[in-house]
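Participant: Spelled out from the first residue to the last, the chains are:
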Amino acid sequence: SQQGEEDPQALSIQEGENATMNCSYKTSINNLQWYRQNSGRGLVHLILIRSNEREKHSGRLRVTLDTSKKSSSLLITASRAADTASYFCATVFPGGGADGLTFGKGTHLIIQP
Amino acid sequence: DTAVSQTPKYLVTQMGNDKSIKCEQNLGHDTMYWYKQDSKKFLKIMFSYNNKELIINETVPNRFSPKSPDKAHLNLHINSLELGDSAVYFCASSRSGTGHTGELFFGEGSRLTVL
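In order, the protein sequence lines correspond to chains A and B.
So the number in this note's numbering is just where the residue sits in the first sequence, counting from 1, plus 2.
So the number in this note's numbering is just where the residue sits in the second sequence, counting from 1, plus 43.
Just so you know, these hints were derived from the structure itself, not from any lab.
Possibly wrong hints are sitting among the right ones.
Stated by the list, open to error - Here are the in silico distance ranges between beta carbons for each label pair:
#: 1; chain 1: B; residue 1: L126; chain 2: A; residue 2: S26; range: 40 to 48 Å
#: 2; chain 1: A; residue 1: E17; chain 2: B; residue 2: K110; range: 27 to 35 Å
#: 3; chain 1: B; residue 1: L70; chain 2: A; residue 2: P10; range: 27 to 35 Å
#: 4; chain 1: A; residue 1: Q16; chain 2: B; residue 2: P112; range: 29 to 37 Å
#: 5; chain 1: B; residue 1: T56; chain 2: A; residue 2: K71; range: 44 to 52 Å
#: 6; chain 1: A; residue 1: E17; chain 2: B; residue 2: T102; range: 24 to 32 Å
#: 7; chain 1: B; residue 1: M58; chain 2: A; residue 2: S26; range: 35 to 43 Å
#: 8; chain 1: A; residue 1: T69; chain 2: B; residue 2: P51; range: 37 to 45 Å
Glycine included, each C-beta is placed from N, C-alpha and C at the ideal position.
Generate the whole structure from the sequences, applying the supplied hints.
Facilitator: See the structure below:
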């Protein structure tokens, strides 16, 4: 089965609220990445967190990583309609570089105006 | 300028036909990939090429063959198309080597529909 699995599968919130998505994985990682996919488009890299980091910020995004629980969360603060998209976590195995990048099934986020 | 471009964006064809999807990247990356995204949005890696050598080949049918004329191009050729091949195919690229973290840059996808 795939390495990363996102939870929930779908999330619908009001504009301005915060959105939290979770990702669990099974084996040791080098880093974990989050990607966004707008409908009908390719994936876009959002943020990367290394295995020795616990938290990282980028604009309205906050990512946490708990290697003991093999889980990560992505928080989007003050959501906007343009944040409506699918969000995927992807893990990189130690020494694997992008060769070991495997994706979860994604969380579909809907921001209601 | 588009970093990773793939053509065509849409492809509708009959079962049994042979088709190709082309991909080009202008990022100077060493590694290129093909991913398949099914109707449930699950992304599965099919192939990757590093310096013109195949380094990953997941369990895909041999009807699928990647061809890389140079490190900026990775084309996907599919023989004897089947209904189950209907999906969106994404090309991606990345740097490789020590210290590179594996961030992928994706194309916009090619939606293949087999009738």
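Participant: Now look at each hint and say whether the structure bears it out.
Facilitator: Hints, one by one, checked against the model:
1. B:L126 to A:S26: 40 to 48 Å: Since the Cβ atoms of L126 of chain B and S26 of chain A sit about 33 Å apart, the hinted range of 40 to 48 Å is violated.
2. A:E17 to B:K110: 27 to 35 Å: violated, 46 Å
3. B:L70 to A:P10: 27 to 35 Å: holds, 34 Å
4. A:Q16 to B:P112: 29 to 37 Å: violated, 50 Å
5. B:T56 to A:K71: 44 to 52 Å: Because 46 Å falls inside the window, the suggested range holds.
6. A:E17 to B:T102: 24 to 32 Å: violated, 43 Å
7. B:M58 to A:S26: 35 to 43 Å: Because 38 Å falls inside the window, the suggested range holds.
8. A:T69 to B:P51: 37 to 45 Å: For P51 of chain B against T69 of chain A, whose Cβ atoms are near 42 Å apart, the range 37 to 45 Å holds.
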